[in-house]
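Please build the complex by placing chain B on the supplied structure of chain A, with the hints as guidance.
Residue numbers (full-length UniProt numbering), protein chains in the order written: chain A, 1 to 300; chain B, 1 to 124.
Be aware that a few hints might be false.
[Stated by the list, open to error] Part of the chain A face toward chain B, derived, beta carbon under 8 Å: (1) A13; (2) T125; (3) D139; (4) A142; (5) N143; (6) L146; (7) E150; (8) D269; (9) A270; (10) G272; (11) M285; (12) V291; (13) L295; (14) F300.
Simulated from the structure, these hints should not be mistaken for lab results. Note that the structure is a prediction, hence the values are computed from the model and not measured. Note that beta-carbon positions come from the ideal geometry of N, C-alpha and C, so glycine has one too.
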Amino acid sequence: MSDVTQGPEEFTALLKERAPRLVEHVDSGNIDAAINVLVELQHARTPELSAEHDVMELLREKALLLHDRISDGNYEDALVTLQDMQNVRDRGLYQEVGRLTRALHDAITNFHIDSSKGEEISEMTDATDRLSYVVELTDKAANKTLDLVEESLPMADALREEAGELKREWERLVARDMTPDEFRKLYWRLDEYFKRLDSDASQLSGNMTEILLAQDFQDLTGQVINKVTGLVKEVEASLVDLVFMASQVEAITGIVTKGEDTEVPADKDAKGHGPQIHKDQEDVMASQDDVDDLLSSLGF
Amino acid sequence: MKILVVDDFSTMRRIVKNLLRDLGFTNTHEADDGTSAWPMLQSGDFDFVVTDWNMPGMTGIELLQKIRADERLKSVPVLMVTAEAKRDQIVAAAQAGVNGYVVKPFTAAALKEKIEKIFERVDG
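For reference, chain B alone in the conformation it holds in the complex:
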């Protein structure tokens, strides 16, 4: 399972990576915004994307829309892990085809639950 973690704060990337490793996912890669994530997604065979919303350059929602519009990437599950908590934004993310939405500050349990749910649905 190859996972891409997209967040503009390196500490948040580290926290997410550590939690993922705890869940048994060791093959994680990092990008600091949508713009740098996009070429990585294009060239790498990523199975899962965890992204923040608010980032310089390309935001998380733009990245999500781009992934869903791409013929090859459109089925890659995307989990949004973000401080953005406005009702309209969550609705927008759902409409754009997000697979899970975790609001910061989050707990290890919340992240675990969402990730397990995503793979249950993807595998099932």
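The shape of chain A in the complex, shown without the other chains:
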């Protein structure tokens, strides 16, 4: 492999420079950093780009040689050259496979699904847990709000009802259309109402404040969802890398795969899609009015 190695002096210099750092990393238990140093050294020893270039150059050289030898009728030497070409090709393949293996390892590390690091849970599992937490929080907030509203509504209704009745009685009093006995009753009824108004109004106000506070889930779930969105983006990028690498493996090994037919099952609609996020899509009804228009066009 001497033809693809960097100048030995340069590599030695780098090795001398990096070796103490490597030892340092290993001593301090910083294995990831140590591996990075090793990878760097390995790259310095076999730089891929120049390797690829050299392989092509070598193949071209040998091909010319082969052509000359066949032209000269020198079949024995031609066969040797052919074997040389085969060797060059194999070496190129090994290098490429080595490079891809390293890249694949990096991609998998970036994929956050590697749960082999001891007790630590993978980021994917973590993301799932986080989303369950969002469901839990929103559920709790919705139920709390509903509880408070269900408690407050009858209270507000009762206050309004009683106020209506008292107003009618009061109008009779103003019109002097009331017996002293009825007035005495109204007197105490008003007294009762004011007491109730005081306590119920403060209860209602308290419930409103609690409803207000129950909305704090938006802040918490927003943060969690933003984190998960970030992870999904990273995973997407890693997947694209992986697919790109797989295509390279296929290209150098000559594997041809047929893509799966992307047939949309007819009953996809029946299963449901969930809320439509992109309301501007052509086949999505943006509002209740659009739905009503569609239905009326169907004779509803």
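This is chain B only, laid out in the frame that chain A set:
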């Protein structure tokens, strides 16, 4: 008026129940998907069904189709209250014989209007 509210989210069932109570309908019952709604419909004398579309087990559209295919239940009005808003789905629901279609998120006014419309048509 006995009403069955079918939705897999309990909070949505509560919201719909509260809105129905506001409209004067107090006799409401709940089911969390089509599968649990079906035996209730079979044994109870429900006058009206409000259902979501997207549910585990039996979906709302399947429940609607089942109701329309049932000799005894086929005339029970069904209101779909759902986040599903694709054109084809709404057409499919109409073809399956839905009586009204409300898309989430919805307003109390929209629900009220659809329910009143359904009973106008059923009674008229």
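Quick rundown of the hints versus the structure:
1. A13: violated, 64 Å
2. T125: Interface hint status for T125(A): violated (22 Å vs cutoff 8 Å).
3. D139: holds, 7 Å
4. A142: holds, 4 Å
5. N143: holds, 6 Å
6. L146: Hint on L146(A): holds, closest Cβ of chain B at ~5 Å, below 8 Å.
7. E150: holds, 7 Å
8. D269: holds, 5 Å
9. A270: holds, 6 Å
10. G272: Where the cut-off is 8 Å and the nearest Cβ of chain B is about 3 Å from G272(A), the hint holds.
11. M285: The hint holds - M285(A) has a Cβ within 8 Å of chain B, the shortest such distance being about 5 Å.
12. V291: holds, 5 Å
13. L295: With a minimum Cβ separation of about 6 Å from chain B (threshold 8 Å), the hint on L295(A) holds.
14. F300: Since chain B brings a Cβ to about 7 Å from F300(A), closer than 8 Å, the hint holds.
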